[in-house]
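Enquirer: Chain by chain, the residues run as shown.
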Amino acid sequence: MPRFHGQSNHAPVDIVNQLQKQYVDYLTSLFHEGVLDDQFTQLQKLQDESNPDFTVEVATLFFVDSDKLINNMAAALERSPVDFKQVDADVHQLKGSSSSIGAMRVKNLCITFRSFCETQSYEGCLICLQQVKNECAVLKDKLQNLFRMEQQIVGAGGSVPLMD
Amino acid sequence: MASNGLVSPQRRSSDQFDGGDPSPCGSEEVHVLAVDDSLVDRKVIERLLKITSCKVTAVDSGLRALRFLGLDEEKTAGDFNGLKVDMIITDYCMPGMTGYELLKKIKESSALREIPVVIMSSENVLARIDRCMEEGAEDFIVKPVKLSDVKRLRDCMTRDVGDRTSSDGGGTTHKRKLQESFHESPPSSIVSCASSSVPAASTTRSRSPSPSPSPSVSSSKPVTATTDFDFMGFFSIRGKSNNGRHVEDSDQHLNRLKEETVA
Chain A
1 MPRFHGQSNH APVDIVNQLQ KQYVDYLTSL FHEGVLDDQF TQLQKLQDES
51 NPDFTVEVAT LFFVDSDKLI NNMAAALERS PVDFKQVDAD VHQLKGSSSS
101 IGAMRVKNLC ITFRSFCETQ SYEGCLICLQ QVKNECAVLK DKLQNLFRME
151 QQIVGAGGSV PLMD
Chain B
1 MASNGLVSPQ RRSSDQFDGG DPSPCGSEEV HVLAVDDSLV DRKVIERLLK
51 ITSCKVTAVD SGLRALRFLG LDEEKTAGDF NGLKVDMIIT DYCMPGMTGY
101 ELLKKIKESS ALREIPVVIM SSENVLARID RCMEEGAEDF IVKPVKLSDV
151 KRLRDCMTRD VGDRTSSDGG GTTHKRKLQE SFHESPPSSI VSCASSSVPA
201 ASTTRSRSPS PSPSPSVSSS KPVTATTDFD FMGFFSIRGK SNNGRHVEDS
251 DQHLNRLKEE TVA
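Respectively, the protein sequence lines represent chains A and B. Mapped onto UniProt numbering, the consecutive letters of the first sequence carry residue numbers 1 to 164. Mapped onto UniProt numbering, the consecutive letters of the second sequence carry residue numbers 1 to 263.
Keep in mind that the hints are not guaranteed to be accurate.
[Stated by the list, open to error] Simulated restraints, written as ranges between beta carbons of each label pair:
# : chain 1 : residue 1 : chain 2 : residue 2 : range
1 : B       : Asn124    : A       : Gln131    : 23 to 29 Å
2 : B       : Gly96     : A       : Ala75     : 31 to 37 Å
3 : A       : Val13     : B       : Pro95     : 32 to 38 Å
4 : B       : Asp155    : A       : Ser115    : 36 to 42 Å
5 : B       : Leu126    : A       : Leu162    : 30 to 36 Å
6 : A       : Met163    : B       : Asp155    : 22 to 28 Å
7 : A       : Gln120    : B       : Leu126    : 24 to 30 Å
8 : A       : Gln22     : B       : Ser148    : 28 to 34 Å
9 : B       : Glu123    : A       : Leu162    : 27 to 33 Å
These are calculated hints, taken from the structure and not from any lab test. Note that beta-carbon positions come from the ideal geometry of N, C-alpha and C, so glycine has one too.
Start from the sequences, fold in the hints, and give me the full structure.
Expert: Structure, rendered in structure tokens:
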């Protein structure tokens, strides 16, 4: 459904402004914390009336993908002997997709993860796997908050501010 | 499939199976084949390309790409779906056939080697970049891909096609040129190229029984065979007529392509 066409109940301007400010503050904090990087903004720029849900769609694909990859990694690490090459291949994939959506912390964790794959450190890999899992969960949570705030802004008749 | 009533060299013929209405500013768009095994990256590159007014076919492997290009099993003028590909953009690291291997196969094919191939990679390794460029890659983009990367490619491609029309259709690759503005190509030379020999890229499109890109005089070919270059030249002369947001006018067509090519 077209998000930018807005609903007919326009909230008072202050409310829209307030929502927008909260949104900007929240998104800014995500950048400051390193959860997201500029690539996320790049994706937001690709959104428009003809593709109003692009960012949400990409994020959704990311989580479908990352869930699958994380499960694969976990399974591979449970096998004996561990196929570190396989784990590395999956981590490489995750690193790529997290980079593409601007999920900086996940991406950086993947870089560390890969070095443990290279040295074939089982424990290092286990720790990284757990961290990646956690980080993806955190990211999902934060993005859901972000998208919800976007919906609120649009629902109140405003438009979602784009970070520079 | 209504023809646009091909008369002037500037109007492209309807050998593109659009099924859509021509937009007022000239309907034909650049068709890019995107190859990436990552679902997320495919979605992103597809959007990037569409926003720069390209038609996109996205596939998830080198093998599928070759199949789409009609180059598998080497049946030469085999099952070609009639869609001209103006550029191929491929990920480097893919299971099975890597982007590099795909690049080589394309450059080894007389039918396809004129198509510019762009490599994308998350690793910024000079040796890798060099190897790809030596093999004939048009450009190398370090991931994550941004809008500015794709816009740059678009400009290069428009320019390169203009260059190709004025060449003898040899299999030379085009390294990315840094400076020349495509506005510098005078209209007359582009239009006159309509009557010159057509390099291999037209072979890709028309898939005539002889796959070799032998130059031929345009009078022996219908103007349709050359008009994609005319269009490209025309497009570049007019400047960006489709800049900014692209609202698709051939969704069904694209969806059909996607269905055919995805997984």
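Enquirer: Quick check: which numbered hints come out false for this structure?
Expert: Numbers 2, 3 - these are the hints that the structure violates, sorted from lowest upward.
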